[in-house]
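Visitor: Listed below are the residues making up each chain.
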Amino acid sequence: MFFGAIFMLYALGLSLESEAGFNEAVAMFEGSFFAKLIAWGLISALGYHCLAGIKHLVMDAGYCEELETGRLAAKVTLIAGAVAVLLAGVWVW
Amino acid sequence: MVTSITSFGRSGLYDWMIQRVTALVLVAYTVFMVCYLAFGDVPTYEQWKGLFEGTAMRIFTLLALLSMAAHAWIGLWSVSTDYIKPTGARFVFQSVCGLLTFIYVVWGIQILWGI
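Chains A and B, in that order, give the protein sequences. With the first letter of the first sequence counted as 1, position 67 gets the number 67 in the numbering used here; the numbers rise by one all the way through. With the first letter of the second sequence counted as 1, position 92 gets the number 92 in the numbering used here; the numbers rise by one all the way through.
Source of the hints: derived by calculation from the structure; they are not laboratory data. Worth double-checking, as some hints may not be accurate.
Straight-line alpha carbon distances no greater than 25 Å define the calculated DMTMM-like cross-link-like pairs of lysine to aspartate or glutamate that follow [unchecked claim]:
(1) Lys49(B) x Glu66(A)
(2) Lys36(A) x Glu46(B)
(3) Lys55(A) x Asp15(B)
(4) Lys85(B) x Asp41(B)
(5) Lys55(A) x Glu68(A)
Use the sequences and the hints to build the structure in full.
Guide: Here it is in structure tokens:
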């Protein structure tokens, strides 16, 4: 994700640089397989990291710290992460 | 003895807190951008430019960028101090991360204030 941010900043810079750059960025996201793959990978990683981070914050607050609830929270996070990855794929394609 | 002169806040507790505060900023920014891009029409160039020309959006984006820099440093520092044992390799890895973070911040400011 940290190294992938190069692509995010590149796309942001291109899209804000000029109208031609903006059209180029839109065409890239609509036409290029690799651009879609990178976008899907980054959105998936970000989505899963967000969900796992929120679980972390919930545990910081003192919930789901027992074995039973902890395991359940871990499973919920994994399933929600898988759903997020699928949704990201649907969004990109 | 393990020294922590390369940690972000020079204190584990401070890093712990920074990591959580920046996480909240990043979640807020991510939710905002995903909602903007997923639940609306594809913006035109004028709309897209207009969004980032607003002072509030520039501040929000810069805040997210700086949060990303601190959050990524704390996270990558934790992982690299745990798993990259040879000092040389760890130094190179952390230097690359630090340099790239600096580039992201400068690049991002250039994009935001170059519109």
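Visitor: If you draw a straight line from the CA of Lys36(A) to the CA of Glu46(B), is it 25 Å or shorter?
Guide: Distance of about 24 Å is within 25 Å: holds.
Visitor: Check whether the Cα positions of Lys49(B) and Glu66(A) lie no farther apart than 25 Å.
Guide: 49 Å, violated
Visitor: Between Lys85(B) and Asp41(B), is the straight-line Cα distance small enough, at 25 Å or below?
Guide: 49 Å, violated
Visitor: Run the distance test for Lys55(A) versus Asp15(B): straight-line Cα separation, threshold 25 Å.
Guide: Holds, at about 19 Å.
Visitor: Can you confirm whether the C-alpha distance between Lys55(A) and Glu68(A) stays at or below 25 Å?
Guide: It holds: about 15 Å lies between the C-alpha atoms, which stays within 25 Å.
Checked against the numbered hints given earlier, this structure breaks hints 1, 4; the rest are met.
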